[in-house]
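Asker: Below, each chain spelled out in residue letters.
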Amino acid sequence: MNPAVLIASVYVFALAAFLGYQVISRVPPLLHTPLMSATNAISGISLIGSLVLAGAAHYPLGAHILGFVAVTTATINVVGGFGITDRMLKMFGKRKTDAKLAAKEVSR
Amino acid sequence: MNLNTYFMEATYLVASILFILSLKMMSHPETARRGMFLAEGGMFAAIIGTLVGTNIITWTWIIAGLALGSIIGGWMAVTVPMTAMPQRTALSHAFGALAAALVGIGEFVVHASEMGTVTRGALGFEVMLGALTTTGSLIAAGKLQGVIGGKPIQFRGQNAVNLVIFLGMVTSFFYFWAHPEVVVAFYTMLTLAFVFGVMLVIPIGSADMPVVMSLLNSYAGLAAAATGFVLGNNVLIIAGTLDGFSGFILSVLMCKAMNRSITNVLFGGFGSVIAEAATDTGGVMREISLDDAAMQLAFANRVVFVPGYGLATAQAQHAVRELAELLESRGVTVKYAIHPVAGRMPGHMNVLLAEANVPYSSLYEMEQINPEFPSTDVAVVIGANDVVNPDARDNPKSLIAGMPILEVDRAKSVIVLKRGQGRGFSGLENPLFYKPCTTMLYGDAKSSLSHLAQAVQHV
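Protein chains in written order, with this note's numbering: chain A, 1 to 108; chain B, 1 to 459.
The set of hints was computed from the structure by calculation and includes no laboratory data. Backbone N, C-alpha and C fix where the C-beta goes; we use that ideal spot for every residue, glycine too. Just so you know, not all the hints are guaranteed correct.
Simulated pairs of lysine-lysine, DSS-like, Cα-Cα distance not exceeding 25 Å [claimed, not checked]: (1) Lys90(A) <-> Lys24(B); (2) Lys397(B) <-> Lys256(B); (3) Lys256(B) <-> Lys24(B); (4) Lys256(B) <-> Lys90(A); (5) Lys435(B) <-> Lys412(B); (6) Lys397(B) <-> Lys151(B).
Computed, partial: chain A to chain B, Cβ under 8 Å [to be verified]: (7) Ala4; (8) Ala16; (9) Arg26; (10) Gly44; (11) Leu53; (12) Thr73; (13) Asn77; (14) Phe82; (15) Thr85; (16) Lys90.
With these hints in hand, go ahead and build the complete structure from the sequences.
Answerer: Take a look at the structure:
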């Protein structure tokens with residue numbers, strides 16, 4: 001890795017850390033479980049590294065097999081993680097309509 | 001650079017922006033779900049970009065991995081019950097970390113000789129962190145699932161053994177860094193990291209799981225970020241760092257909520273040496289009958305439910321909501337008090353109650369609800385123990401002294417739903433149970449609650 005790329009990477013890391021701190025400290029405790037599940041799904045982005053390992057040219061078979069396992073586990077995280085996060089957030093979201101219905105019933 | 005590579009980099013940029021945006025939208029329950037669709041879009045774009053922009057020749061392994069992963073992941077997404085969320089999350093930390101470690105090992109196998117110093121350092125870091133998080137998370141998942149006992153596993157000289165393993169791991173890391181041609185150093189590091197992950201988590205008791213989960217979350221993210229450094233891939237760095245910091249923030253919050261430091265959680269082995277430390281308060285626990293309890297609730301103005309891990313084990317979230325609705329229909333104001341470390345992971349109680357259709361507007365955080373306890377007629381403690389232990393506030397010698405608690409003992413009366421007379425997970429004596437304002441209702445939380453609901457109907 002040449003120095004310019006390294007410095008750029010460190011910049012990206014530092015800015016992402018700063019931004020992450022700002023954004024995530026605003027997430028209410030109410031949503032901490034979905035948050036953990038969501039960030040987990042997002043970090044399943046290591047899938048793109050796994051894809052290269054599993055299928056790129058000039059890699060030996062051993063690397064392809066490691067890549068295959070990595071693609072599998074990363075995909076489990078992406079698909080499972082987003083799926084479960086959505087299931088949880090759906091439960092938090094439907095409230096509003098319930099509350100509206102209840103309010104209507106009361107006013108009637 | 002050809003056109004395909006530019007396209008790939010563009011999708012990575014889009015994905016990074018969408019990921020950040022989705023986490024920002026996580027700050028409110030109304031927007032959170034839409035935010036996740038953005039993140040999913042970003043992920044999809046990045047995957048397509050990679051497949052287009054990389055020189056892929058073998059599709060077999062890719063398609064097989066994607067298909068198998070989607071089937072397992074999809075199956076998990078649909079079937080895992082909300083009560084099993086902590087172990088599911090621990091398992092996903094293991095999967096994420098394993099993927100990062102495997103990519104690192106693959107890179108080592110293929111490119112070890114041509115790597116620069118910095119890349120090699122990042123690679124070692126990635127593999128080490130990935131490996132220890134994998135086994136650590138598997139142990140955590142095993143404990144949460146009950147496959148492994150929840151009690152801390154400890155032995156004499158444990159910290160010394162751990163220190164030796166840790167030093168061995170770090171030494172082989174530096175050796176590999178300095179001498180990449182010595183393949184043994186790399187594999188020694190890998191093996192020791194796997195062992196260290198196990199050793200790190202076995203001495204930690206179930207009650208401390210919220211901190212451990214958050215820490216493992218953080219490690220898994222940092223391992224992914226290190227992968228980004230190895231591959232020179234910015235979207236990996238960004239997504240991994242976001243995940244790592246999210247876990248870090250959560251672990252700090254969880255530690256604060258227990259008034260303990262991270263080192264104390266990791267090396268303190270909480271909940272094992274405590275049996276003799278418990279003082280005998282000498283009082284008696286007063287039992288209350290179902291009918292009396294129902295009477296108290298039915299004629300109260302304000303009721304606060306305080307759920308703990310017992311609510312999850314008894315799967316009583318629906319029963320409590322039914323009782324709450326009955327009370328509300330009688331004009332009782334019902335609120336729920338949620339301690340940050342109630343349950344086994346951050347936000348555990350919120351998710352369970354949301355599953356049972358409890359509106360999130362009636363879930364209150366500790367700071368919001370504590371001033372309201374003096375004007376509360378009945379506080380109902382459901383399977384919670386340490387988070388309502390007044391010793392944390394009053395007894396400076398207590399092992400949990402200084403831990404912020406839900407001050408239910410300030411309520412006019414307290415009903416504690418408990419399985420039996422035994423102590424909680426930490427083994428601490430809880431003086432709340434002996435207070436004159438407290439009465440105990442023994443039995444399985446779920447059946448107690450539904451019987452209470454029936455009794456309230458007949459009041």
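Asker: Looking at the structure, which of the earlier hints fail to hold?
Answerer: Going through the list in order, the structure violates hints 4 and 7 and respects the others.
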